[in-house]
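Student: Chain F is fixed; fit chain H onto it per the hints.
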Amino acid sequence: EPEVTQTPSHQVTQMGQEVILRCVPISNHLYFYWYRQILGQKVEFLVSFYNNEISEKSEIFDDQFSVERPDGSNFTLKIRSTKLEDSAMYFCASSEALRLAKNIQYFGAGTRLSVL
Amino acid sequence: KNEVEQSPQNLTAQEGEFITINCSYSVGISALHWLQQHPGGGIVSLFMLSSGKKKHGRLIATINIQEKHSSLHITASHPRDSAVYICAVHTGTASKLTFGTGTRLQVTL
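Residue numbers (my numbering), protein chains in the order written: chain F, 857 to 972; chain H, 2 to 110.
Excised from the complex, chain F in its bound form (with noise of 0.2 Å):
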């Protein structure tokens, strides 16, 4: 079954630092988004992006965080210099279209990003 597949599964950085996480949506899916779980606390969303831009953002997506798609494969999500708060574990998703049937999100196994 296809899959949405994240890397690394667990990343350690400084503060201050630029990381990089990287997914792999499902190939034939068209949407994609990022969201983050704080330990202990809710799934939120950050962003969807859908034809090469951004569709919707949160107020958590400041100018610290960018996203790109930089070939036919990979979404990346950046985190321009990381703060503390920024621990969180990170989660890919991907969905086929908006209309009903075929909005299921996919997850992926996520990214657990630990600022020291």
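Note that these hints are calculated values from the structure, not bench results.
Glycine included, each C-beta is placed from N, C-alpha and C at the ideal position.
Mixed in with the good hints there might be a few duds.
As the list claims (entries may be wrong) - A few chain H residues that don't get close to chain F, going by computed Cβ distances all over 10 Å:
hint	residue
1	Leu-12
2	Asn-23
3	Gln-67
4	Arg-81
5	Asp-82
6	Ser-96
7	Thr-109
What the hints assert, rightly or not - 25 Å max Cα-Cα, derived DSS-like pairs, lysine-lysine:
hint	chain 1	residue 1	chain 2	residue 2
8	H	Lys-69	F	Lys-934
9	F	Lys-898	F	Lys-913
10	H	Lys-2	F	Lys-913
Tutor: Okay, now just chain H, sitting in the frame of chain F:
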């Protein structure tokens, strides 16, 4: 802004018990998802529904659009059902999901 509430927050059941997890939301939605999060953190989509009822194996999900409420039922629960169950909603044409806080289910022998 859509608020998504789940109850109970924690649930312990014995193997074989019938389980119900509830979800309510504050604003009209286009669809609701039930998701399962395993102890390692991975999230799996169980159902997406916009009306009525869906069944998959021992899992049943129902939604009442007028009452802004959905339930997830697990029949004949098993220890392998132990996980966090999360309700998430799409509002309007927005593609993003708004998540509930999750219900932690532990099924014991």
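Student: If a hint holds in the structure, say so; if it doesn't, say that too.
Tutor: Okay, the hints, checked on the actual structure:
Listed as a non-interface residue, Leu-12 (chain H) keeps its Cβ farther than 10 Å from every Cβ of chain F; the least gap is roughly 17 Å. No beta-carbon of chain F is positioned within 10 Å of the beta-carbon of Asn-23 (chain H); the least distance is around 16 Å. Residue placement check: Gln-67 (chain H) keeps its beta carbon more than 10 Å from all beta carbons of chain F (closest about 19 Å). Its beta-carbon lying about 18 Å from the closest one in chain F, Arg-81 (chain H) satisfies the requirement of being farther than 10 Å from that chain.
With a least beta-carbon separation of about 19 Å from chain F, Asp-82 (chain H) lies farther than 10 Å from that chain, consistent with its non-interface assignment. A cut-off of 10 Å between C-beta atoms contradicts the statement that Ser-96 (chain H) is not in contact with chain F; the least separation is 5 Å. The beta carbon of Thr-109 (chain H) is kept farther than 10 Å from every beta carbon of chain F, the shortest such distance being approximately 23 Å. Taking the CA atoms of Lys-69 (chain H) and Lys-934 (chain F), the gap is near 37 Å; set against the 25 Å cutoff, the hint is violated.
Restraint check for Lys-898 (chain F) and Lys-913 (chain F): the C-alpha separation of about 17 Å stays at or below 25 Å, so the hint holds. Taking the CA atoms of Lys-2 (chain H) and Lys-913 (chain F), the gap is near 14 Å; set against the 25 Å cutoff, the hint holds.
In summary, the structure is inconsistent with hints 6 and 8 from the numbered list given earlier, while agreeing with the others.
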